[in-house]
Amino acid sequence: MSDAVMNEKKALLEVHDLHVSYGAIKALSGVSLKVFEGEIVSVIGSNGAGKSTLMNAIMGMVRREKGEILLGDVKLDSRSFRVVQQGISLSPEGRKVFAPLTVLENLKMGAFPRGNDSKVEEDYEWVFSLFPRLKERISQYAGTLSGGEQQMLAIGRALMSRPKVLLLDEPSLGLAPIIIKDIFKELRRINNEGVTILLVEQNARQALLLSNRGYVIQTGRLVTEGPSEELLANADIKAAYLGGGHAKGKTTQALA
Amino acid sequence: MTRVGGDRLPSSIRERGDPYLATLIQQIINGLSLGSVYALIAVGYSLVYSVLLFSNFAHGGFLVIGGYICYAALRTFNIGIWMAGALSLVGAGAAAILTERLAYRPIRERTNVTLYLLIASMGMSIVIENIFVIVAGGRFRALPPVIPTTPVNFFGLATTSAFDLLSLVSAVVFLGALQLFLSKTRWGLAIRAAAYDLRTAGLMGVNVNRLISIVFFVAGALAAVGGIFLSVRYTLYPQLGAITIKAFVAAVIGGLGSLPGAVVGSLILGLAEMLTAGFISSQMRDLVVFSLLVVTLLVKPTGLFGKSVSEKV
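Residue numbers (numbering that gives the first Met the number 0), protein chains in the order written: chain A, 0 to 255; chain B, 0 to 312.
Check the hints yourself; a few may be wrong.
Result set (EDC-like, lysine to aspartate or glutamate): computed pairs, CA atoms no more than 16 Å apart in a straight line [stated by the list, open to error]:
| # | chain 1 | residue 1 | chain 2 | residue 2 |
| --- | --- | --- | --- | --- |
| 1 | B | K183 | A | E104 |
| 2 | A | K33 | A | E185 |
| 3 | A | K163 | A | D122 |
| 4 | A | K33 | A | D16 |
| 5 | A | K95 | B | D196 |
| 6 | A | K9 | A | E38 |
Chain A residues, not near chain B, derived (Cβ > 10 Å throughout) [to be verified]:
| # | residue |
| --- | --- |
| 7 | A10 |
| 8 | A23 |
| 9 | G109 |
| 10 | P112 |
| 11 | R187 |
| 12 | E192 |
| 13 | A239 |
Some chain A residues judged to face chain B by a derived CB distance under 7 Å, without partners named [said to hold, decoys possible]:
| # | residue |
| --- | --- |
| 14 | F80 |
| 15 | V83 |
| 16 | F97 |
| 17 | P99 |
| 18 | M108 |
| 19 | F111 |
| 20 | S160 |
Just so you know, the hints here were simulated from the structure itself, not pulled from any lab data.
Ideal placement from N, C-alpha and C gives every residue a C-beta, glycine not left out.
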């Protein structure tokens, strides 16, 4: 897709000049980004850059001080439950599955805004086809699942509301590389089935390999944006977030 | 307290068989009956605690509200106990919602520190008590004899009163209904999820304010059932809500925030009280109750069914 077409096309999710503060501390200062239908967009940045705040602000979990967020032509409500009803759901950082509820009950919670929609039953099967391991554990308590399975459950739960845009906050957090690979493979499949994805990640390489476009966030501001392959090849980004790629070897391998 | 049901043995029992066995059985029934009323109160209190993580000291107020609505309905409108009871449940539930809206929601929306909620609830408990002192007066009132207290022979083993059996049965019915609501309905599931993590429940598209209103309604209505039975067992007066302290103790013994814990703790407390009254002395009841609390806190501070969580007040 050329840039010209991109600019003309209406974004599905548009964040415009978003500001968020925690008391005197400014967490986001004027973040603007667009996510087009069918895309996977990643926001990468280091710890404390404002990634989770961005997600929580979109969801209405923290107060938006200034700025607006549009889903299609509709302004996003400031209350979380309305945001979910409007068509955005989040798989939160640290997974936050309901430990004392079963896998199925967790998924039911994800479908909460849909009420008695008869299609919910089909969507359980959809989620189980994406993550067959959840089906094996259907009546197990979520607290007894492994970290990877909990992440799958958190994603599945977020999908159960049938969102127009799926937000993912650090889906790779605390997981073994092989599990991360699995989960990112499923994210690609979820996207292929028509779900638009906005993800924030510290694991920049995985995120950029998956996404179409990326933004770099630094102390509450988006500093760079572009197609993911360009960001992957960008020397500065390599040095700061991807590690090991710097020509002079100034960054440590450990960052990778 | 003016009248304590079931403390004295009917003379008919002493003439027959083993008096100790008869006393034991009778006091067990009485204990379960009293415990079941505590359970109605403790479960509502625990439900609120599990979702909002604070001790709602105004909970006793809901019980008093329920009691007075029932009293007023019976005296002034001259309607049956079923209608008066229904009015009382709905009224106390609505009052609980109102309490939350007026006193807790404004705090909830500004801060996560639950200590403020605790203090606000202490204030609300005083407010509710004094509303009744002003409106209804401080005197003791007896509910009309709407709940039968006739003696019932329990399989020839012991004699108990119909009232004790009725309160036991009502508590089982209401707690069973609560259990069904929590396990089978959409909002019940949401409440269980919120009890684990309110914030994340909000992320699922649950209207958290509505959920909290539902929780308070349920807590208020259950307290009203307890209030009606306590008004009959003792009498009705504005400070009757103070008995909630027993339900708090029961909830702590069972494990704060755990509903099965609240029920089991309440039954233990009711049994301990009645067995003490039957075999030692009626005056030792409270001593035993609070000793149980101290022992629980020393041996297992999280209570029988409690999970260890820090930073709750």
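> Do the numbers back the hint for S160 of chain A, that is, is its least Cβ distance to chain B under 7 Å?
Replying inline: Interface hint status for S160 of chain A: holds (6 Å vs cutoff 7 Å).
>> F111 of chain A was flagged as interface toward chain B. Is the shortest Cβ-Cβ separation under 7 Å?
In response: Cβ of F111 of chain A sits 5 Å from chain B, so the hint holds.
>> With the threshold set at 16 Å, check whether the alpha-carbon distance from K33 of chain A to E185 of chain A stays at or below it.
In response: violated (23 Å)
> Would the least Cβ to Cβ distance between A23 of chain A and chain B come out above 10 Å?
Replying inline: Answer for A23 of chain A: holds, closest chain B Cβ roughly 16 Å.
> If you draw a straight line from the CA of K183 of chain B to the CA of E104 of chain A, is it 16 Å or shorter?
Replying inline: This hinted pair holds, its Cα atoms lying about 11 Å apart.
> Within a Cα-Cα threshold of 16 Å, do K9 of chain A and E38 of chain A meet the stated pairing?
Replying inline: holds (13 Å)
>> Check whether the Cα positions of K95 of chain A and D196 of chain B lie no farther apart than 16 Å.
In response: With a Cα-Cα distance of about 8 Å, the restraint between K95 of chain A and D196 of chain B holds, given a limit of 16 Å.
> So is A239 of chain A really clear of chain B, every C-beta pair being over 10 Å apart?
Replying inline: A239 of chain A is indeed farther than 10 Å from all Cβ atoms of chain B, at 31 Å.
> Is the Cβ of A10 of chain A more than 10 Å away from each Cβ in chain B?
Replying inline: Check passes; 23 Å lies beyond 10 Å.
> Is K33 of chain A close enough to D16 of chain A, meaning Cα to Cα at most 16 Å?
Replying inline: holds (11 Å)
>> Just want to verify: P112 of chain A was marked as not at the interface with chain B; is every Cβ pair farther apart than 10 Å?
In response: violated (3 Å)
>> Quick check on M108 of chain A please, does its C-beta sit within 7 Å of some C-beta on chain B?
In response: This hint holds: M108 of chain A lies near chain B, its Cβ roughly 5 Å from the closest one there, short of 7 Å.
Taken one by one, the earlier hints fail for this structure at numbers 2, 9 and 10, listed in ascending order.
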